[in-house]
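The listed protein sequences correspond, in order, to chains A and B. Numbering-wise (our numbering), the first sequence opens with residue 134 and increments by one. Numbering-wise (our numbering), the second sequence opens with residue 134 and increments by one.
Treat the hints as calculated values from the structure; they're not laboratory data. Being a predicted model, the structure only gives us computed values, none of them experimental. Keep in mind that the hints are not guaranteed to be accurate.
What the hints assert, rightly or not - Derived coverage of chain B by chain A (criterion: at least 3 residues anywhere in the stretch with Cβ under 8 Å from a Cβ of chain A; other residues may be distant):
| # | segment |
| --- | --- |
| 1 | 144-153 |
| 2 | 276-288 |
Said to hold, decoys possible - Listed next, with one range per pair, are the computed distances between beta-carbon atoms:
| # | chain 1 | residue 1 | chain 2 | residue 2 | range |
| --- | --- | --- | --- | --- | --- |
| 3 | A | Met134 | B | Ala355 | 56 to 64 Å |
| 4 | B | Asp398 | A | Ala236 | 55 to 63 Å |
| 5 | A | Ile337 | B | Ala235 | 46 to 54 Å |
| 6 | A | Gly329 | B | Gly254 | 34 to 42 Å |
| 7 | B | Gln375 | A | Glu192 | 33 to 41 Å |
| 8 | A | Arg214 | B | Asp311 | 56 to 64 Å |
| 9 | B | Cys191 | A | Arg216 | 34 to 42 Å |
| 10 | A | Asp354 | B | Cys191 | 51 to 59 Å |
Beta carbons: idealized from backbone N, C-alpha and C, even for Gly.
2 protein chains.
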Amino acid sequence: MIGVFDSGVGGLTVLKALAAELPAEHFLYLGDTARLPYGTKSAETVVRYALQATEALCERGIECLVIACNTASAVSLPALRERILDVPVIGVIEPGAEAACAASHSGRIAVLATEGTVRGGAYQEAILRRRAGAKVTALAAPLFVALAEEGLSEGPIAETIAHHYLDPLLAAPHGPPDTLVLGCTHFPMLARAIRGATGPEVCIVDSAQTTARHVRRTLEDAGLAARAGEGSLRLLATDAPQRFARIGSRFLERRIEPDEVELIDL
Amino acid sequence: MIGVFDSGVGGLTVLKALAAELPAEHFLYLGDTARLPYGTKSAETVVRYALQATEALCERGIECLVIACNTASAVSLPALRERILDVPVIGVIEPGAEAACAASHSGRIAVLATEGTVRGGAYQEAILRRRAGAKVTALAAPLFVALAEEGLSEGPIAETIAHHYLDPLLAAPHGPPDTLVLGCTHFPMLARAIRGATGPEVCIVDSAQTTARHVRRTLEDAGLAARAGEGSLRLLATDAPQRFARIGSRFLERRIEPDEVELIDL
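Turn these sequences into a full structure, and let the hints steer you where they fit.
Below you can see the structure in the form of structure tokens.
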């Protein structure tokens with residue numbers, strides 16, 4: 134069983150990619166809806182929350198842990214790997230950085246993320262480790278989270294806000310980026326508005342796909358992958374299962390019934 | 134000393150009104166920034182968080198408690214009053230409802246609030262208790278919170294979003310409201326954009342002012358008010374004091390230094 138952890142429903146975009154890549158796998162998803170969002174909180178607080186969530190997943194017998202939340206990946210991976218010795222822990226930052234470096238010709242890479250992810254600098258570091266001469270610009274785009282949660286991911290409001298964030302990035306004095314990393318699980322929901330603002334030239338990297346491939350390879354290397362039979366999904370949340378089901382259905386692109394979501398206390 | 138509790142920095146708009154009404158008073162403000170926002174969380178979770186915050190304030194010797202957060206006022210007042218027997222507990226809903234009923238001629242009153250406040254129905258009940266024939270429409274406007282936190286309270290994005298929420302309210306089939314309650318502490322920051330969408334005819338009620346007057350009367354009735362001398366303010370937060378200071382400065386309309394904000398654990 135693969136554990137997938139996120140601060141809320143955003144990580145369902147990563148879960149969707151994982152289920153497509155590993156259709157026979159059993160998934161246990163936990164959204165920490167009682168304390169979301171993580172993107173505006175301090176690194177210490179996010180690490181504490183992520184450790185509690187991880188313990189809850191480990192108690193339920195996972196064999197691999199995916200941190201779908203960019204903010205939690207950016208600040209808590211070392212602490213989680215120190216605590217969880219017996220299962221591989223995979224975040225979304227390294228696969229996203231890898232994909233961005235592979236896609237970029239000019240080395241000018243932009244990252245849109247939450248405040249916490251930008252402040253932590255994890256994407257910037259992960260990209261520069263792979264490509265020392267890269268020119269990385271990271272920008273917090275918190276309104277995208279609110280838009281995606283409210284189902285306003287298309288239309289004039291989403292387009293205006295996409296231009297608000299992207300126009301200054303594209304007008305950078307050292308030349309526009311040729312690659313844009315969507316460094317928050319909510320942002321793929323706004324892909325159309327973001328594409329409208331960047332134009333067709335910029336390569337948009339969604340780390341969900343790359344992370345899913347990375348998880349498959351990790352499982353294969355550990356001799357855990359390629360089960361036969363049908364996969365399954367169990368959903369856990371720390372608050373408001375009805376809201377999780379309603380908003381999560383958009384992120385997962387299939388209807389989630391409220392009674393599918395099990396309420397747990399961390 | 135008056136305790137003021139909010140989920141984050143939004144309650145500083147209420148604190149500002151309180152300090153103007155009671156300039157000689159000592160205030161202890163607590164923002165639960167580790168777990169904000171409350172507006173999307175379940176009533177049970179908000180009650181639990183509010184009780185913990187209230188205990189922390191009572192331990193520090195407050196003589197009166199103001200719940201500045203509309204969501205917490207809407208769902209947790211009875212539980213708080215049951216727990217806190219020795220100090221008066223005042224929320225923002227009842228004063229806001231009172232002001233709306235006094236202002237409205239037609240009895241058609243609209244309330245803009247968070248998801249949690251709308252779902253709880255506290256404004257609707259409080260208005261109908263005072264004016265049985267009132268026609269109350271409550272609408273969740275979560276994007277306003279994100280706009281105010283990001284400092285985008287004026288300009289084309291704020292105006293577009295104000296129209297998005299208000300145009301359907303103003304086109305109500307039974308006639309437009311003549312009174313609009315700003316049922317979230319963040320919304321007074323967007324007053325200009327909201328006024329632009331409503332036009333000049335609609336009376337806009339900000340419960341901060343009415344709550345401040347209500348607190349002064351309560352203190353006078355309890356024989357606690359009208360100190361001489363200079364007032365003071367002490368700020369507590371459960372996470373990210375730097376962010377509290379940066380964003381809170383806009384809400385309080387004076388610069389807050391990061392070292393003015395004391396970090397506490399609930």
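To see whether the hints hold, each was checked on the structure:
{"no.": "1", "hint": "144-153", "verdict": "violated (count 0)"}
{"no.": "2", "hint": "276-288", "verdict": "holds (count 7)"}
{"no.": "3", "hint": "A:Met134 to B:Ala355: 56 to 64 Å", "verdict": "holds (58 Å)"}
{"no.": "4", "hint": "B:Asp398 to A:Ala236: 55 to 63 Å", "verdict": "violated (43 Å)"}
{"no.": "5", "hint": "A:Ile337 to B:Ala235: 46 to 54 Å", "verdict": "holds (53 Å)"}
{"no.": "6", "hint": "A:Gly329 to B:Gly254: 34 to 42 Å", "verdict": "holds (39 Å)"}
{"no.": "7", "hint": "B:Gln375 to A:Glu192: 33 to 41 Å", "verdict": "holds (35 Å)"}
{"no.": "8", "hint": "A:Arg214 to B:Asp311: 56 to 64 Å", "verdict": "holds (60 Å)"}
{"no.": "9", "hint": "B:Cys191 to A:Arg216: 34 to 42 Å", "verdict": "holds (35 Å)"}
{"no.": "10", "hint": "A:Asp354 to B:Cys191: 51 to 59 Å", "verdict": "holds (55 Å)"}
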